[in-house]
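So you can see what is in the structure, the chains are spelled out below.
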Amino acid sequence: MYEIRFHGRGGQGAVMAAQALAEAAVLEGYYAQAFPYFGAERRGAPVRAFARIDESKISIKSQVYEPDALVILDESILEIDPISEGLKPDGKAIINTVKKPEEVDLGIEVECGTVDATTIALETIKAPIVNTSILGAFARVVDIVPLESILNAIMNRFGEKLGHQSGVMNAEAARIAYHNTVVGRCKGTRTIVRKKVWLPAWDEIPIGNTLSAREIDGIAVGPGSMAQNLTGTWRTQTPRYSKEKCIRCLRCWFSCPEGCIERQEDDYERWDYRYCKGCGICAEVCPADAIEMVRGVYEW
Amino acid sequence: MVMKVISADHAVAHGARLARVEVVPAFPITPQTLIVELIAEFINDGELDADFLPVESEHSAMSAAIGACAGGARAFTATSSQGLALMHEMLYAAPQNRLPVVMVNVNRSLGAASGIWVEYNDSMPERESGWLQVYIEDNQEALDMVIQAYRIAEDRGVMLPMMVCLDGFVLSHTVERVDFPDQQLVDSFLPKFKPLYVLDPDEPVTMNPITPPEYAMEMRYQLHQAVDESKLVIEKVDREYGALTGRAYGGLIDTYQMEDAEIALIALGTVTSTARVVVDHLRSKGKKVGLVKLRFLRPFPSDELRSIAKNLKALGVFDRSVSFNGFGPVFTETRNALYHLGIPLTNHVAGIGGRDVTFEEVREMFSVIEENAKGHRVKECHWHGLRGGS
Ligand code: SF4
Ligand code: SF4
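Chains as they are written, first to last, in our numbering: chain A, -6 to 293; chain U, 101 to 490.
Derived by calculation from the structure, the hints in this document are not laboratory data. Keep in mind that the hints are not guaranteed to be accurate.
Unchecked claim - If you only want the chain U side, here are some residues facing chain A, beta carbon under 8 Å, derived:
id : residue
1  : 196
2  : 198
3  : 297
4  : 305
5  : 306
6  : 307
7  : 309
8  : 311
9  : 314
10 : 315
11 : 327
12 : 467
Owing to the predicted nature of the structure, the values given are computational and were not obtained by experimental measurement. No residue lacks a Cβ here, since even glycine has one placed at the ideal position from N, Cα and C.
The following block holds chain A by itself, in its conformation from the complex (with noise of 0.2 Å):
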């Protein structure tokens, strides 16, 4: 059996990438499974996907624990998850960014491929959706589905969903992904430390479901708090507003849906980026260009 773990944020496509690779694997003859495990959150928000293929049948149905390969969207999520826990020594990583394998430390020496699947989508489909590339990347490194089979596998799921166009071009940043990886070694130095989350027994838990401000313990409980959810690690893109540009409409205010842009007294604005997840609708409703969507995390 090899399992394969998915690491993106809500918005890439890692249930999709799974789901494709899945496809691809059935289309060889294997047997094959992709499913997704994420919270209430919304695009942005870490996700995790998993992929299982064998000769037979498989029957678990529980998540994936020590995968013989990785695929991380999102190389921002190395700073939040321990990604590569449970990673085999044997196994495989593929990683969508701009360094080279040598550059990456994932806490663990394996076998790992890098592409910049981002500026793939973007310059392809034209959009940062990047599980398709990383599937043609993932092809590179892992030859236990060949690349055929993934763009045929990429061309049903998309093709049938969003048109053929689509599929093509999906198809076409995988092809270039797959090309354009660089397959080495990464590096083992950093430890993998487990997410300092509250998992308290069930006699610790406060009585009532409820979260009081004052409480240090109810705020690190995991559910909705906003403590634990610095929502603004979510973001890949980030809003840099212009003060001169500004009319003050405060049309970005009113559409902000994390609340994270402040009035202030002079309705001019400042923005919150513990909180800003980078979805952009600020800048799309700005009626002056004072917004501008900056790749990568910032603070202004």
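Given chain A, put chain U with the ligands in place with the hints provided.
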């Protein structure tokens, strides 16, 4: 002490008044209507300082009751049958958030085969919701239990919503003598509601955030423990109420003529009263019969039942609702509790769809149990009063 001749619905309304409920969102449905009508009058006449919210559905009634309770108010509502079913979704919000709403459910059959008469198939399915459930035998108990219900529900060790279930028409529209405890006495027994958390804009809290698997399971277990631990509080509150008013009901479970009984019937609701008379009658003929009055379905008094039943030769369980192709829910619960004792058990389904349960039928139940005790072959599940076979 005041004494009146009133229906159980009105007894409930007086109970709510004496408990000084503060918010009453309600939607009228037969046979619960008399409750909310009288409460509305109390509020209108200044006899009760509460907000009455005439809502547009039972779903809203429960939502508003939960919201009021979260806001720190003592909330009351009442419903029946289809109304309870419509609340189903919202019912689940109260227990896990530990909001001690008290609701009276006037038991009525749930359509199709629509009827307005008593059957327990409206409240029985809600035993998985986390609500405590007590079943009432007479009008006095109806009034007393509304007051007790708040003491139990609001106890720091419990903090769970509670459903007081009473038989439609057989109680709701039947007048009986009811004694009223003094307001002062009730006040001393039932202090003001102290919530765990209050929804207050000045001191914000988050209630009921989305709960991922890492936490949900522990939270459910916590609730499971709370329902279990409510047993002690129920017993304690009943004893205290008894000391204060002279009326105690046995807590979770009550017995009649069980000391030397060889066979017995478990009953709940108004059939318990009829069964008492049948027990007297059979005793007068020298038969060693007894009666177990099951008061609470949640928490289910498994341990108590085991110690009461351990020396019986046979036991019958009355059910006023059906689990199709299975047994009645009370039977299923009882058999679970008594499994290891190996006592021969029979299930007695009667009074379905509001069919009257007669003295004769209850006597028939006892004769089946008696046959069973003698080791004769009897069916495990009997429908009493059914035309065509039995
Ligand atoms: S990108 Fe703009 S709209 Fe989106 S979260 Fe950030 S500030 Fe709000
Ligand atoms: S939408 Fe643009 S112009 Fe309007 S307040 Fe925001 S930044 Fe200023």
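Cross-check of the supplied hints:
1. 196: Residue 196 of chain U check passes; min Cβ-Cβ to chain A is 5 Å, inside 8 Å.
2. 198: Since the shortest Cβ distance to chain A is 4 Å, the answer is holds.
3. 297: This interface hint holds because 4 Å falls under the 8 Å limit.
4. 305: 5 Å, holds
5. 306: This hint holds: residue 306 of chain U lies near chain A, its Cβ roughly 4 Å from the closest one there, short of 8 Å.
6. 307: 5 Å, holds
7. 309: At about 3 Å, which falls below the 8 Å cut-off, the nearest Cβ of chain A leaves the hint on residue 309 of chain U intact, so it holds.
8. 311: 4 Å, holds
9. 314: 6 Å, holds
10. 315: 6 Å, holds
11. 327: 13 Å, violated
12. 467: 48 Å, violated
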